[in-house]
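Undergrad: Build out the structure end to end from the sequences listed, making use of the hints.
Chains as they are written, first to last, in the working numbering: chain A, 1 to 220; chain B, 1 to 248; chain C, 1 to 204.
One or more hints might be untrue.
To be verified - Simulated crosslink set (DSBU-like; lysine-lysine; CA at most 35 Å straight-line): (1) C:LYS150 <-> A:LYS71; (2) B:LYS240 <-> A:LYS216; (3) A:LYS117 <-> C:LYS175; (4) A:LYS216 <-> B:LYS88; (5) A:LYS117 <-> C:LYS101; (6) C:LYS175 <-> A:LYS18; (7) A:LYS216 <-> B:LYS175; (8) A:LYS117 <-> C:LYS150; (9) C:LYS150 <-> A:LYS216.
Derived from the structure by calculation, the hints contain no laboratory data.
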Amino acid sequence: MTLSSFFKAELLTLFRRKQSIFNALIFFVMVVTLFPLGVDPSPDFLAPAAGGIIWCAIALAILMSVESLFKEDYNDGSLEQWLVSGHSVSVLVLLKVFAQWLMVVIPLVLALPFLSKMLFLASELIPVMLVSVLVGSPALFLIGAIGAALTVSLRGGAVLMLLLILPLYIPVIIFATGAVRAAQLEMPFTGQLAILGAISLLALAISPLMAAISIKASVS
Amino acid sequence: MNWTWFHKLGSPKWFFQWADRWGKVCFWFGTVLLIVGVIWGLGFAPQDYQQGNSFRIIYIHVPAAVLAQSCYLAMGIAGFVALVWQMKLAPVFIKAVAPVGAVMAFISLVSGAIWGKPTWGTWWVWDARLTSVLVLFLLYMGVIAIQNTLDDLQLADKAVAVISIVGVINLPIIKYSVEWWNTLHQPATFKLTEKPAMPVEMWLPLLFSALGLYLFAAGVSMWRMQNEVLVRERRANWVKEEVMKRGV
Amino acid sequence: MQAVTTLCVENLWLERGDRDLCRGLSFSLQGGQVARIIGENGAGKSSLLKYLVGTLSAVEGSVAFNGEDISAHRDVLIQDLLYIGHTPGVKSVFTVAENLKLYAPHSSNQELEYALTQVSLDAYWDTPAAQLSAGQKRRVALARLWLTQKPVWLLDEPFTALDVSGVEVLEQRIKDHVITGGIVVLTTHQPLHSLNPVTIELAS
Chain A
1 MTLSSFFKAE LLTLFRRKQS IFNALIFFVM VVTLFPLGVD PSPDFLAPAA
51 GGIIWCAIAL AILMSVESLF KEDYNDGSLE QWLVSGHSVS VLVLLKVFAQ
101 WLMVVIPLVL ALPFLSKMLF LASELIPVML VSVLVGSPAL FLIGAIGAAL
151 TVSLRGGAVL MLLLILPLYI PVIIFATGAV RAAQLEMPFT GQLAILGAIS
201 LLALAISPLM AAISIKASVS
Chain B
1 MNWTWFHKLG SPKWFFQWAD RWGKVCFWFG TVLLIVGVIW GLGFAPQDYQ
51 QGNSFRIIYI HVPAAVLAQS CYLAMGIAGF VALVWQMKLA PVFIKAVAPV
101 GAVMAFISLV SGAIWGKPTW GTWWVWDARL TSVLVLFLLY MGVIAIQNTL
151 DDLQLADKAV AVISIVGVIN LPIIKYSVEW WNTLHQPATF KLTEKPAMPV
201 EMWLPLLFSA LGLYLFAAGV SMWRMQNEVL VRERRANWVK EEVMKRGV
Chain C
1 MQAVTTLCVE NLWLERGDRD LCRGLSFSLQ GGQVARIIGE NGAGKSSLLK
51 YLVGTLSAVE GSVAFNGEDI SAHRDVLIQD LLYIGHTPGV KSVFTVAENL
101 KLYAPHSSNQ ELEYALTQVS LDAYWDTPAA QLSAGQKRRV ALARLWLTQK
151 PVWLLDEPFT ALDVSGVEVL EQRIKDHVIT GGIVVLTTHQ PLHSLNPVTI
201 ELAS
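TA: In structure tokens form, the structure reads like this:
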């Protein structure tokens, strides 16, 4: 197993399992739809709340898609093969998360302008929204990977994983919606985006290592 | 520097005997301090010039809140020790302390709500500090949940170590983000009164109750650790001797 | 000439929960030998393999590869190791060929075809692994044995779910491998016909 054959295999797996990516996308649309239905469909409520609604929905959708990140690999023995592949498990985790990020974030980003418009978000704010997703979502995937690795050996680990990981998503959601809101108020928003980037970088440094430790402990 | 104590801490037997002595000391000394501090604070300390008697809940609220944060910090450090030096006692520590910290966070939330009613006119506001304690409480719940769910002891130990470290790294970010978020949403109307320079009669009981609560929690945690050590080392000879000696 | 490959375990103490799987177990293998771990169900055969691979830690004991102590880090061994575990890492979303390509990316299509012919899966090149039976899945994993240059093989129950001819072919491959100086450690409940293994016994 080489790193490139591994990465290609990961992309191929995601491509063959495109239904699960599609599910995450539909889930995202679903959650967004609940807010006008459940709270208030008027633009007065939706326009200022749009950033928050979209980001909460994104966080949940990403968590759903990351939850079973290592499940199949655990069940079919691939994780065991990772450990004897001679590659650093952290690097393999990183490649896997990167592949997952690519395949999930691209459709999310494509759907984003439409949903933003449906929530009456002003057109000039949509680029800010997109950038916040691109900069902030890596952190969500990376942190989620830790939870997925910790609960991989559990049969029904999904709820536990949500309980573990959702509190850690709070800063990302705060700063991402903060950026959108600041842009709405015509205030500078680059600071929030920079902090989002910093959180993603921190997650990039720590999360593969922690996920690797968890995977090693889960496999034995 | 002499590191023998650090290596000795790695030995469950040595720890058990050490905790046997110091656990009692901490517990009783802490209880006395706590009682003195709380009675002094609730009964005898002067009233606050703005909040009247309602401020007195500070003597419970503040120690609990501070202790809840300290416990998580300690768990994070223990998690690091567990992963890097594989010290046997570090996961035992995390397991013993997590519920103590969770209870403290809970007390701090409840007392905060009780304090909020007369001060802010409502049980709950999304005050930055209250919110970050709420998140802290949720983090504790995560640690306890994963500890209880994973059957495999080695895996559970690794898992709580990992999640404690990740939590501790996140804690300042969460705190900072929540404070920043709060100031954006709500101007200072709901902030706690700016601390006036507290007179000695007011802060001394606070110091007493805080110190007392720390020692009390240390004592309780040591007992919990002792129990866990006995269970984990149940096959070791010294445990059998210990149990025989006490005639259980 | 290349030095003889050796794998030595000394004074090994493994436990699962409260139970000792082995205590004070020592054995030493060198190139040309097949070792068979025997023991009842739950005696710890797989655990011993996992210890050698490094995914399971021991209470006590050490392991050396080519004379070098690798108790702490298995890196040196892993370079020279092929391990097929109880669940052999065959991905059900991939076809048979894709599964092999993942683990042997440098092999040509002819080599892959040759390996698949050996395990009589040559007709299944493009079949998704999800449609294979348990025995066929195992054969996909075992096809790697015809594509590898690694000297040390650790095989967990390689004969399970194989038919008679499959067992024969596999035994022959193992024989060929040890003749060239390789080491094979395997666990199995089935009698071996043509192999003459060293026995490592795990008594419960």
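Undergrad: Are there hints from earlier that the structure breaks, and if so, what are their numbers?
TA: Hints 3, 5, 6, 8 not satisfied by this model.
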